[in-house]
Amino acid sequence: MNTKASSVLLMIFELLAVVLVIYLVISISQAYGSSLTVQKINAAEEMRMMIDTLVGIPADALVQYPQNLSQFTLVLTNDAIAVYQPTEPQNLWAIRGFTLPKNHVAEGTVTNIAQVCLEKKQKKILLRACT
Amino acid sequence: MTNTKAQFDFTRKSIYWMIAGFILTIVVVAYVFVLAGYNSKLTYVDPKLRAEFLSLRFVNNPDCFTYQDKETKITSTSIIDLTKFTQQQLYNCYHTQQEQGFNDFNFKLVLEKQKKEVTTNNYFNKNDFALYKEVLVRNQTGAIAKDRLIIYVQANIR
Chain W
2 MNTKASSVLL MIFELLAVVL VIYLVISISQ AYGSSLTVQK INAAEEMRMM
52 IDTLVGIPAD ALVQYPQNLS QFTLVLTNDA IAVYQPTEPQ NLWAIRGFTL
102 PKNHVAEGTV TNIAQVCLEK KQKKILLRAC T
Chain F
1263 MTNTKAQFDF TRKSIYWMIA GFILTIVVVA YVFVLAGYNS KLTYVDPKLR
1313 AEFLSLRFVN NPDCFTYQDK ETKITSTSII DLTKFTQQQL YNCYHTQQEQ
1363 GFNDFNFKLV LEKQKKEVTT NNYFNKNDFA LYKEVLVRNQ TGAIAKDRLI
1413 IYVQANIR
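Chains as they are written, first to last, in our numbering: chain W, 2 to 132; chain F, 1263 to 1420.
Hints may be right or wrong, so weigh each one.
Pair ranges (Cβ atoms, derived) [unchecked claim]: (1) F:VAL1291 / W:GLN123: 51 to 57 Å; (2) W:VAL26 / F:TYR1353: 48 to 54 Å; (3) F:GLN1350 / W:GLN116: 37 to 43 Å; (4) W:PRO90 / F:PHE1295: 20 to 26 Å; (5) F:GLU1379 / W:ASN92: 39 to 45 Å; (6) F:GLN1269 / W:ILE13: 16 to 22 Å.
Each computed DSBU-like pair below joins lysine-lysine, with the alpha-carbon atoms no more than 35 Å apart [stated by the list, open to error]: (7) F:LYS1346 / W:LYS122; (8) F:LYS1375 / W:LYS103; (9) W:LYS125 / F:LYS1346; (10) F:LYS1267 / W:LYS125; (11) F:LYS1332 / W:LYS122; (12) F:LYS1335 / W:LYS124; (13) F:LYS1408 / W:LYS124; (14) W:LYS124 / F:LYS1310; (15) F:LYS1267 / W:LYS124; (16) W:LYS122 / F:LYS1395; (17) W:LYS125 / F:LYS1377; (18) F:LYS1377 / W:LYS124; (19) W:LYS122 / F:LYS1310; (20) W:LYS125 / F:LYS1378; (21) F:LYS1267 / W:LYS5; (22) F:LYS1346 / W:LYS124; (23) W:LYS125 / F:LYS1335; (24) F:LYS1303 / W:LYS125; (25) W:LYS103 / F:LYS1267; (26) F:LYS1332 / W:LYS124.
None of these hints come from the bench; they were simulated from the model.
If you're wondering where the values come from, they're calculated on a predicted model, not measured in any experiment.
Glycine included, each C-beta is placed from N, C-alpha and C at the ideal position.
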């Protein structure tokens, strides 16, 4: 009786351990392997480079981001671009900073817009939906 | 006798699970590191690429060093206005945060033939690589001469 009880207990413990390990591996994989996380970071990084490029050209210009960004919110300010999913806590946002020359301004917010554009008009860089 | 065997079995399995638990923890931690490394590979941007985009402003933007005709307001790209090639103008064009800015890109710009140089506010002579741009330099009298702008890049200090 005693033997049977302890072997059943051990079996339950083993099963729990296996389930826990499988759960851990799957949840870690989901957290790191989600394509949305990579897409979000890449979007922020590429937007920053697009802004640097727009600052580096003397004329007005319009650039369309060549990926679908409908799952994200983008916020452009004078010193950073933030990309995040609307329900996401702030510590998971992809934020990339940049420096604009004096008198230059950057602004704009888009949410769940597939085609996003960056427009440079004189000294202003505007983030907006492409029309 | 049966009781002794059961106790032995229980102890043996406990030891097995202690070792297995330790190894599994190491495997899961290693897995996290591998995935994190893979993630950073997917989002890696070559610092030279970013520096190239950043440095465009030095030769193309009239709010940096590029010559702009005062009357027509036409900007002549790749023509450096020597009167603008100052520390203050560079600060207006590009600067990093005073406290943490050493982790960002900083530059030393040298006009080779003019022997003039300016540096950004957190540049500490740690050159990670350099970019070279063939430019024309316009001096105060309006004379234009060929020169080379060397942009020494300090990607970060860690």
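How the hints compare with the structure:
Taking 51 to 57 Å as the suggested C-beta distance range, the pair F:VAL1291 and W:GLN123 conforms, at roughly 53 Å. Hint check: W:VAL26 to F:TYR1353, Cβ distance near 51 Å, so the stated range 48 to 54 Å holds. Evaluation of the 37 to 43 Å hint for F:GLN1350 and W:GLN116 yields a pass: the beta carbon distance comes to about 40 Å. Between W:PRO90 and F:PHE1295 the Cβ separation comes to about 24 Å, which falls inside the hinted range of 20 to 26 Å.
The hinted range of 39 to 45 Å is satisfied by F:GLU1379 and W:ASN92, whose Cβ atoms lie roughly 41 Å apart. For the pair F:GLN1269 and W:ILE13, the beta carbons lie near 19 Å from each other, so the given range of 16 to 22 Å is met. Annotation: proposed proximity of F:LYS1346 to W:LYS122 holds, straight-line Cα distance about 23 Å (limit 35 Å). This hinted pair checks out: F:LYS1375 and W:LYS103 have alpha carbons roughly 28 Å apart, not beyond 35 Å.
The straight-line distance between the Cα atoms of W:LYS125 and F:LYS1346 is roughly 22 Å, inside the 35 Å bound, and the hint therefore holds. Distance hint between F:LYS1267 and W:LYS125 is unfulfilled; the C-alpha atoms sit about 81 Å from each other, more than 35 Å. For the hint linking F:LYS1332 to W:LYS122, the alpha-carbon distance of about 20 Å falls within 35 Å, and the restraint holds. At most 35 Å may separate the alpha-carbon atoms for a hinted pair to count; F:LYS1335 and W:LYS124 meet this at roughly 14 Å.
With a C-alpha separation of about 29 Å, the suggested pairing of F:LYS1408 with W:LYS124 holds against the 35 Å cut-off. A C-alpha spacing of about 26 Å is found between W:LYS124 and F:LYS1310, which places the hinted pair at or below 35 Å, so the restraint holds. Annotation: proposed proximity of F:LYS1267 to W:LYS124 is violated, straight-line Cα distance about 83 Å (limit 35 Å). Among the hinted pairs, W:LYS122 with F:LYS1395 is consistent with the structure: their alpha-carbon atoms are about 26 Å apart, no more than 35 Å.
At most 35 Å may separate the alpha-carbon atoms for a hinted pair to count; W:LYS125 and F:LYS1377 meet this at roughly 34 Å. Restraint check: the Cα-Cα separation between F:LYS1377 and W:LYS124 comes to about 31 Å, which is no more than 35 Å; the hinted pair holds. Of the pairs offered as hints, the one joining W:LYS122 and F:LYS1310 holds, with about 27 Å between alpha carbons and a cut-off of 35 Å not exceeded. For the proposed pair W:LYS125 and F:LYS1378, the alpha carbon gap of about 31 Å is at most 35 Å, so the pair holds.
In summary, the hint linking F:LYS1267 to W:LYS5 is supported, as the alpha carbons are separated by about 12 Å, within the 35 Å threshold. For a cut-off of 35 Å, the pair hint linking F:LYS1346 to W:LYS124 stands: about 18 Å separates their Cα positions. For the suggested pair W:LYS125 and F:LYS1335, the alpha carbons sit about 17 Å apart, so the restraint of at most 35 Å is met. With a C-alpha separation of about 33 Å, the suggested pair F:LYS1303 and W:LYS125 falls inside the 35 Å cut-off, and the hint holds.
For a cut-off of 35 Å, the pair hint linking W:LYS103 to F:LYS1267 is broken: about 82 Å separates their Cα positions. For a cut-off of 35 Å, the pair hint linking F:LYS1332 to W:LYS124 stands: about 17 Å separates their Cα positions.
Hint compliance for this structure: hints 10, 15, 25 are broken, all remaining hints hold.
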